[in-house]
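Residue numbers (this note's numbering), protein chains in the order written: chain A, 1 to 157; chain B, 1001 to 1418.
Among the hints, a few may not be true.
To be verified - Computed cross-link-like contacts, SDA-like style, restricted to lysine to any residue with a CA-CA straight-line distance of at most 25 Å:
#1 A/37 / A/102
#2 A/55 / B/1323
#3 A/37 / B/1032
#4 A/37 / B/1059
#5 A/55 / A/5
#6 B/1409 / A/130
#7 A/37 / B/1323
#8 B/1409 / A/69
#9 A/143 / A/130
#10 B/1340 / B/1266
#11 A/79 / A/19
Unchecked claim - Chain A residues, not near chain B, derived (Cβ > 12 Å throughout):
#12 32
#13 60
#14 126
Source of the hints: derived by calculation from the structure; they are not laboratory data. If you're wondering where the values come from, they're calculated on a predicted model, not measured in any experiment. Glycine residues also receive a C-beta, built at the ideal position from the N, C-alpha and C atoms.
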Amino acid sequence: MSAQVFEAVSLMARYWFVLLIAYILLRIVQNSLDEYKIDRRMRLEGERSYVAYLKVVDADDPELIGLVYGLNEFNTIGKSIECDITIPDKSMRKKHAKLYKKGPDWILEHRGSSIVFVNGEESNGVTLLNDNDNVAFSGTMAKFIIRRQRNEHTKKA
Amino acid sequence: MNILKRPSAISLLYVIILFELSAFVLIGFMVQPFDYMALVVGGVMVFLLLVQYIMLTRFFPNLDRYILITANVLAAIGVIMQYRVNPDLAYKQLIWLAVGMALMVCVLIFVTKFKVWKKFLYPLIILSAVLLVSSLIFGKTINGAKNWFRIGIFSLQPSEFVKIIFVLVLALLLEDPKTQFKKFIIMCFYSAFCIAILVLQKDLGAALLYAGTFLVMYFVASGNVLVSLGFVGVGAGGAVVAYNLFDHVRARVEIWQDPWAQYNGKGYQIVQGLIAMASGGLFGVGLGLGTPKAVPVYYSDYIFAIVCEEFGILIGIAIMCFYLVFIIRGSLIAVNSENKFYALVAFGCTTLITLQSFIILGGVIKLIPLTGVTMPFMSYGGSSMMASMILMGVLEAIAIQNGNRRLAKLAEVESHVN
């Protein structure tokens, strides 16, 4: 390749290099962002050491169905982001209910005018929850699952 | 469960391979018969990239792919520039790259398995002190800094490796900063000792890097604004003292203020670098058409200037963005890590890599006084490449631990719920 031809090719190639490097950079940023979103979702679902779970079985928003929320010893549940458990479903109240552990019992307490059904029966204020109970917050149905201790779990298996 | 699958980055690798091969083919045509060695070097680069990526993602599915790819892109640009200017250096750099990758895998496996760091606090302190002091006493002076060890045919720069120990020691000491006053005192003395030795060795870049890393790690660990500001004040005071005490510090600042006044003397390098970058413009003068040999130390500290000359400032900015990717990914790894020790180690490693790149980039573009440190992953140099790869290995190990722990948690949740 003569010097002139090389010069022409090299002058063209510099745009090609910029294009490739820019593409690589943007792809890294894009993929990184995607992975971050996945990571965040994974963290929401499984990171903290929970004592019980709420699994959404029915909701107005079909994307919510199947999601598992981990519960700590004391939780506020509602649509608002301020709640410990935020279920962004239309039928939920902003602050819908409180769910907490008192001794060995789990207690569901709903707030004011919000409606809560436990296993199909309307709750009047405070309800004792058992493992595998179905809880309905207005139109959002969730299953309440108490986490088994590790040794119990292996015994059963 | 499909949300566990991480997005594959293999298609991104094809673009990187395309970039490497097209650059090496172009360099091959630079001389008059076609230079086949360029293709060989390009082929080896591609081979290393693919082997590394495929093996690592196969054995460690929770690896952070993007810092690995970013490091590879930076190394590729480095090797391309070195081959274009001086093929002999590029061959050596390829060997260092391969050694570094192997070392990275070893470190990665070691850090994921090794759990008893706490017992090694004092041995690590003593080891780093011995390395630094012996390099001060027995060291050889290369490029104005007395910080090299000669072992056979190799020259090693102990400060490059001590910085890794430095981060480990700081992480161990800062794990619980509020309760233990004794550890705080040890930390201050240890850091001051390391930095003082580096200043005495005339290795100002490394001293700045250590001081900056110390400051960042202390602030991240304690969140104590007042004490951190106090350390900034101490650092500034130390800089003033060093400026008045040592001629070499004063010379650096004078050159930085007006390099053109000493164009024929010490300012030559900075001015040549600035001219190289300016002549490159947005898109560069074209690969193979510049005059990179006009810039002193083009292969190491000043590689950014010659990259800007031939590839253009746009790619220069992209390189800075690649280091930003490092900051973001590294911080994410730190935030997700198991305990404070690993979080601090991850953050310290990230700080070392990115602060080092900032110190040299700032020096080359005359934003801060030029102090000789290498560009991580890009510059020629065995010590630098190995140290950068070790840092990346530590980061990857912590990322893998995070991923494994998260998978275990998720599996537990699944087993309870379904």
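Comparing the hints with the structure gives:
1. Between residue 37 of chain A and residue 102 of chain A the alpha-carbon distance is near 35 Å, which puts this suggested pair outside the 25 Å criterion.
2. Taking the CA atoms of residue 55 of chain A and residue 1323 of chain B, the gap is near 41 Å; set against the 25 Å cutoff, the hint is violated.
3. With a C-alpha separation of about 51 Å, the suggested pair residue 37 of chain A and residue 1032 of chain B falls outside the 25 Å cut-off, and the hint is violated.
4. Proposed proximity of residue 37 of chain A and residue 1059 of chain B is supported: the alpha carbons are some 24 Å apart, at most 25 Å.
5. Taking the CA atoms of residue 55 of chain A and residue 5 of chain A, the gap is about 68 Å. The hint is violated against a cut of 25 Å.
6. Distance restraint check for residue 1409 of chain B and residue 130 of chain A: the Cα-Cα separation of roughly 24 Å lies within the 25 Å cut-off, and the hinted pair is therefore satisfied.
7. Between the alpha carbons of residue 37 of chain A and residue 1323 of chain B the distance comes to roughly 21 Å, so the proposed pair stays at or under 25 Å and holds.
8. For the hint linking residue 1409 of chain B to residue 69 of chain A, the alpha-carbon distance of about 14 Å falls within 25 Å, and the restraint holds.
9. For a cut-off of 25 Å, the pair hint linking residue 143 of chain A to residue 130 of chain A stands: about 10 Å separates their Cα positions.
10. Restraint check for residue 1340 of chain B and residue 1266 of chain B: not satisfied, since their Cα atoms lie roughly 45 Å apart, outside the 25 Å limit.
11. As the CA atoms of residue 79 of chain A and residue 19 of chain A are separated by approximately 45 Å, the hinted pair breaks the 25 Å bound.
12. The beta carbon of residue 32 of chain A sits about 5 Å from the closest Cβ of chain B, which is not more than 12 Å, so the claim that it is off the interface is violated.
13. Consistency note on residue 60 of chain A: stated as away from chain B, and its beta-carbon is indeed over 12 Å from all of that chain's, at 22 Å minimum.
14. Residue 126 of chain A, annotated as away from the interface, keeps every beta carbon of chain B farther than 12 Å; the closest lies near 26 Å.
Hint compliance for this structure: hints 1, 2, 3, 5, 10, 11, 12 are broken, all remaining hints hold.
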